[in-house]
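Enquirer: Below, each chain spelled out in residue letters.
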Amino acid sequence: MTQLANTPSTTAPDTTTPGATAPVSGRRRRALLATVWPPLAVLVVILGSWTAASALLGDQSFLLPAPHRVITEGLGDPIVLPEIVEALGQTVLVAFIGLAIAVVLGVGWAIVMLQAQWAERSLYPYAVILQCIPILALVPLIGFWFGYGLPARVIVCVLIALFPMVSNTLFGLQSVDRSHHELFRLQRVSRWTTLWKLQLPAALPAMFVGLRTSAGLSVVGAIVGDYFFRRGTPGLGSLMSTYTSRLLAPELYASVLVAALLGVVIFVTFGFLARLVVGRWYGATKS
Amino acid sequence: MTIPAVDPAARTTPGETLVEFRDIGMTYETGTTALEGVDLTVRRGEFVTVVGPSGCGKSTLLRIAAGLESHTDGTCETSTDRVGFVFQDATLLPWRSVRRNVELLAELNGLPAAERAEAAAEAIDLVGLAGFESSLPRQLSGGMRMRTSLARSLTLDPDLFLFDEPFGALDEITRQRLNDELLRLFAERGFGGLFITHSVAEAVYLSTRVIVMSGRPGRIVDVVDVPFDLPRDPEVRYTAEFGELVGRVSHSLKEAHA
Ligand SMILES: Nc1ncnc2c1ncn2[C@@H]1O[C@H](COP(=O)(O)OP(=O)(O)O)[C@@H](O)[C@H]1O
Ligand SMILES: [Mg+2]
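From first to last, the protein sequence lines stand for chains E and H.
Take full-length UniProt numbering: the last position of the first sequence gets the number 287, and nothing is skipped along the way.
Take full-length UniProt numbering: the last position of the second sequence gets the number 258, and nothing is skipped along the way.
Read the hints as simulated data drawn from the structure, not as lab findings.
Cβ coordinates follow ideal geometry from the N, Cα and C atoms, glycine included.
Check the hints yourself; a few may be wrong.
Only some residues are given here: those of chain E computed to face chain H with a beta carbon under 10 angstroms [what the hints assert, rightly or not]: (1) Trp50; (2) Ser179; (3) Arg188; (4) Val189; (5) Thr193; (6) Pro201; (7) Val278; (8) Tyr282; (9) Gly283.
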């Protein structure tokens with residue numbers, strides 16, 4: 001890793017004046033390069049094989065348009081780009097509404113289960129079932145009941161994103177040590193005080209793990225819902241479906257790329273958020 | 001709830017009874033009998049330590065005094081609400097700074113912010129943690145965490161102070177230093193102490209009386225009064241008399257174990 005990082009820093013001339021570069025910032029830049037270079041090298045390999053495969057396909061290359069065509073005819077196209085951007089906005093909107101609802105429901109569900117063993121015993125199986133049933137099979141039913149607009153898409157999103165919030169929050173709430181509980185019990189405080197000052201803060205790291213998973217799933221949910229329900233503003237799902245049916249390969253690849261980037265951005269953002277909120281005291285928080 | 005000035009002399013001579021166990025027995029739901037026929041009284045100005053083989057019911061005894069566990073036989077009377085409990089681990093909340101950890105109990109008891117800040121500042125001073133108010137528990141050593149825990153209990157100005165092997169995980173030097181500080185606090189405050197330890201030397205150094213318990217079910221097999229003056233001179237540890245007492249307690253402990 002360090003060898004890989006050293007090579008570019010010696011070949012590329014330093015733009016800053018030599019005296020101004022502190023050794024610490026140099027080390028930090030080298031560490032940054034070490035994390036950036038390996039995946040970048042993989043990307044180059046992927047793009048290379050992609051271009052080669054596309055050329056080999058000859059007149060069937062509409063199946064796999066060369067990477068540069070995804071840019072020129074997809075993302076770079078003055079008509080396609082605004083279309084994709086608008087769809088992205090719609091997908092993000094649905095995903096965030098869905099995620100917000102999933103967080104509130106999930107935390108609420110976990111808190112209810114925390115109150116009594118019978119509550120956990122009777123409610124947890126449903127959280128597991130929710131996780132097990134193929135939501136895709138439910139999608140037509142949801143459209144049937146709730147129409148084909150925004151509410152139906154949000155519902156699909158919530159159903160897909162809910163479980164990680166429920167299970168991780170419950171795990172976090174139950175992770176409090178016995179002695180910490182006794183510390184609170186000795187002061188004869190109410191269970192709500194204990195929840196608010198002890199269990200919820202202690203559960204935050206686990207909740208952030210759930211949040212990050214749920215956020216990724218809510219994007220999946222938003223796209224799936226959108227793929228099936230076409231009423232109202234189209235999101236990325238509708239757009240992909242349209243491009244597929246019209247065999248517009250570069251446009252389709254461009255929208256898939258944007259969806260993938262959205263996933264990555266969300267993953268990184270929530271990881272950053274977790275470190276910001278609990279990283280100060282919770283050692284094991286990984287980026 | 002803030003720490004009032006106390007006349008040390010009034011509080012270091014044995015005073016009113018703070019906790020009294022009479023013929024206490026404890027059998028857990030699992031069928032384990034942890035304690036049997038334990039009689040023990042702690043008065044203000046007494047520092048009683050309990051030694052015994054592990055699993056003999058020492059923690060159970062302490063938890064009964066604190067009301068965390070209810071005994072199945074005999075009676076236990078605690079005559080004060082101001083009970084401090086120091087756990088085996090520091091039980092700090094990792095997301096709170098030292099100051100906010102020390103403020104916790106006062107906060108849970110509904111004290112106004114200004115008063116609990118004052119109580120916390122004073123307690124932090126007492127345990128020698130001034131300057132570390134903003135540190136998080138993960139930034140502290142084990143000894144400093146224990147001091148924080150101690151300071152947290154001090155904000156309640158307890159009449160009865162219960163300790164469950166609080167210094168067991170610390171290295172010897174840190175443990176001795178904390179013993180000295182605890183004795184100083186005891187001399188200043190004159191609370192009643194009930195302290196559990198597995199170190200015989202610590203038991204003798206800290207206490208006015210050492211209780212030796214047998215293996216499970218725990219019974220009291222020996223009571224040793226410690227005559228050294230309070231406040232105690234750390235050098236007392238190296239005297240022959242101290243060594244003799246340590247020997248006697250160790251001997252009782254060994255017999256109880258057999
Ligand atoms: N909540 C409990 N339920 C059942 N048995 C317990 C419980 N707590 C402690 N015990 C048992 O009671 C005995 C005494 O425990 P404890 O008081 O913790 O001993 P010590 O502190 O002296 O090591 C042990 O055998 C232990 O396994
Ligand atoms: Mg114990």
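Enquirer: If a hint holds in the structure, say so; if it doesn't, say that too.
Expert: Here is what the structure says about each hint:
no.	hint	result
1	Trp50	violated, 46 angstroms
2	Ser179	holds, 5 angstroms
3	Arg188	holds, 9 angstroms
4	Val189	holds, 5 angstroms
5	Thr193	holds, 7 angstroms
6	Pro201	holds, 5 angstroms
7	Val278	holds, 7 angstroms
8	Tyr282	holds, 7 angstroms
9	Gly283	holds, 6 angstroms
In terms of the numbered hints stated before, the structure departs from hint 1 and from no other.
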